[in-house]
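Asks: Listed below are the residues making up each chain.
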Amino acid sequence: MSPILFELLLRSIWETMLMTAASGLISLVFGLPLGLALISTERGGIAENLWVNRVLGAVINGFRSVPFIILLVALIPVTRLIVGTSIGTWAAIVPLSIAATPYYARIAEVSLREVDHGLIEAARAMGGNRWTIIREVLVPEALPGIVAGFTVTLVTLVGASAMAGAIGAGGLGDLAIRYGYQRFETSVMIAVVVVLIVLVCGIQWVGDRLVARLDRRG
Amino acid sequence: MNQHITASQEIAEPTRARSDAAQDVVRLVDVKRRFGATAALDGISLTVRKGEILGIIGRSGAGKSTLIRCLNGLERPDSGEVVIEGRDISRLSERDLQPLRRRIGMIFQHFNLLSAKTVEDNVALPLKIEGQPKAERLKRAAELLELVGLADKAKAYPASLSGGQKQRVGIARALAARPALLLSDEATSALDPETTRSILALLKDINRRLGLTILLITHEMEVIRSIANRVAVIDAGRIVEQGPVWSVFADPQSGITKSLLGTIRPQLPAELAERLLPGGGAQTILRVDVAGEAARRPLLSELSAAVPGPFRLVHGGIDHIQQEPVGTLFLCVPGEDATHLAGVIAFLDSRRARVEVLGHVADPV
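Taken in order, these protein sequences are the chains called X and A.
According to the working numbering, the first sequence is numbered sequentially starting from 1.
According to the working numbering, the second sequence is numbered sequentially starting from 1.
In short, the hints are calculated from the structure, not lab data.
Being a predicted model, the structure only gives us computed values, none of them experimental.
A hint or two may mislead.
Straight-line Cα separation of at most 16 Å, EDC-like style, residue types lysine to aspartate or glutamate; simulated pairs [as the list claims (entries may be wrong)]: (1) A:258 x A:274; (2) A:134 x A:152; (3) A:117 x X:215; (4) A:117 x X:116; (5) A:117 x A:96.
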C-alpha cells in the first residue's frame, strides 16, 4: 500500500469515527428522552397519554421504515439548512443522526419497559413525582440495557456511515468502494475490512465492560 | 364472648366515643372500587387506631391489595371516603398526594429495592425525595440500618442480600421519613417461616418502640396471630368479620374465617377423627372452645365438681394470643347415660364455653 493510500486510510478511519461518534451522541441525546416519552405515555405509564403515544410511535416507525440510502438523499434540503452544505462528513451526520435516533429510541424503550413496575410503585409510594421516577428509578435501573443498546446503535452506525459515501462524506466505506472495489486495490479492501472489524470489536468490548460494571442485578 | 363485630353489627360501630375518632389514623367510609364487572372493594368501612397493628386477611383476589393501595392513593376509589389523619385523600390530585405519601411508609412482598443503588442509598431515597441534604440523609440511613440490624451492609447492593435482609432494608426505607403509618403488603409472603418470624418480630418491636401504627395485609393467619392486635377478614370486597385477634380466633363467625384459620386451630387427631361415627356409640367426643375469662377459670375441675361422672381430656390445650388465653379442648364423655352428657354440656355452656358434639366412637380411646 502506497503512503498516499495509507494516509487516505487514516483519514477515512477518522471520518468514520467522527460520523459514528457524533451521530451516536445525538441519537443518545434525543433517543433516550424519546424512549422515556414512549413508555411514559403508554397505557398505565407515569404520564399516560395514548394520543401522544400513538403519534410518537407512528413518526418513529415512519422514519425507521425508510431505507437509509433514500433518507440520505431525501434529507438533503434539511441537511443544507442545518450544516449549510449537503456534501461532506459533517453533512452526513445529519441523516445518520435522524436515522439512528428513532432506532435508539426503540432500543431504549425496550430496556426501560423491563424495569419492574413494583419499583415505580415504590417510588410513587414514597411520594416521588414523575421526575423522581425517571431520575431515580427508570434510568438507573435500565442503565445496563441503555448502555448495551447504545453499543448496538454505534455498531449499526459504523455500517450505515459506509453508505454516506454516496454524498461525499468519506469514511471507510467510501474508501473501500472507490479504491478497493472500483480500482481493484485488494490491499485497501483488506485493510478497510480489518480496520472495521477492529473498530466494531473495540466498541463492543468497551460497551460490554461498561454494562458489566453497571449491572448490579446480581 | 362474641365481642367482635360481624358484618351485620358493623353499623353499631360509629357509636364509639368522639374523642376516639381523633385517634384514628385511617378511617374508610363505604369505599367502593370496581374493575370492569368485578367489585374489588364493595363498601369497605374500617378504622385504624393510633399505635395499633391491624391485620387484614383474605384469600387472593379478595380485594386486599386494592384496599391497601387506596390508603396512599396508588389506587383511587370510585366512591367513599379515605380519611388519613383527618383528611379525605380520595379526591386529591397526584401532586397533592405526594407530600401526604411521605407520611405513609410501605413495604412490599417483593421488597422493591432499587438494584442500582446501595443499601444506604435505598434507605435514604425517601429523604432525597423530601429534599434533605446528603449528609443528613446518610446519617438517618445509618440510624435505620442500625435499627434493623444491617449496619454492616450499608455499602452493599441489594442483589447480595438474602430475602430477609432485603425486607429489613425495605422496612428501614419505609421508616426513613418518620411516617405516621406503615403499610405492609404481604411483606412476609416471599420469605421462609424462620425469616418470616424474625421480620414479624422486627415489625412488632418497631410498633412498640416507635408507637408506629401498622396496617398489614396477608393471606396467612399465622402472621395475624403473631403480631396483629385486631383483624379484619375481607372477602369479595367486603369485610365479613372484624375484632380483636384473640376473639376472632376463639370464635370465628364466617365460613371464610374458619377456612383461613384452617390448621392453625387445634384439630381432633386424625386417628380419632377417622373413627368418628355420626350417631350412637359408647363414647361422645366434644369440642370445647374457651377464650378470655372462661379460659382463666379452673374449668375442668369445676366441671368434675359440678357434674359427677367420668370424662376424659383426649386432646387440646390453651394458647395465648395478645395475652388472652384461647383454648380448645377435646373431651371424651361416656355416652351410656344421656343425662350425664347433657349435664356436661349444660355446665360448659353456663361457663361461656362453646361446645360442639363432633360425633361418637365405638370403643374407649
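Asks: It remains to establish, for every hint, whether it holds in the given structure.
Replies: These are the hints, each one checked on the structure:
Note on residue 258 (chain A) and residue 274 (chain A): the hinted pairing is violated, with a Cα-Cα distance of about 21 Å set against a maximum of 16 Å. Between the alpha carbons of residue 134 (chain A) and residue 152 (chain A) the distance comes to roughly 20 Å, so the proposed pair goes past 16 Å and is violated. Among the hinted pairs, residue 117 (chain A) with residue 215 (chain X) is consistent with the structure: their alpha-carbon atoms are about 11 Å apart, no more than 16 Å. At roughly 15 Å between alpha-carbon atoms, residue 117 (chain A) and residue 116 (chain X) fall within 16 Å of each other, so this suggested pair holds.
A hinted pair counts as satisfied when its Cα atoms are at most 16 Å apart, and residue 117 (chain A) with residue 96 (chain A) does not qualify at roughly 27 Å.
The structure fails hints 1, 2, 5 (numbered hints given earlier, in ascending order).
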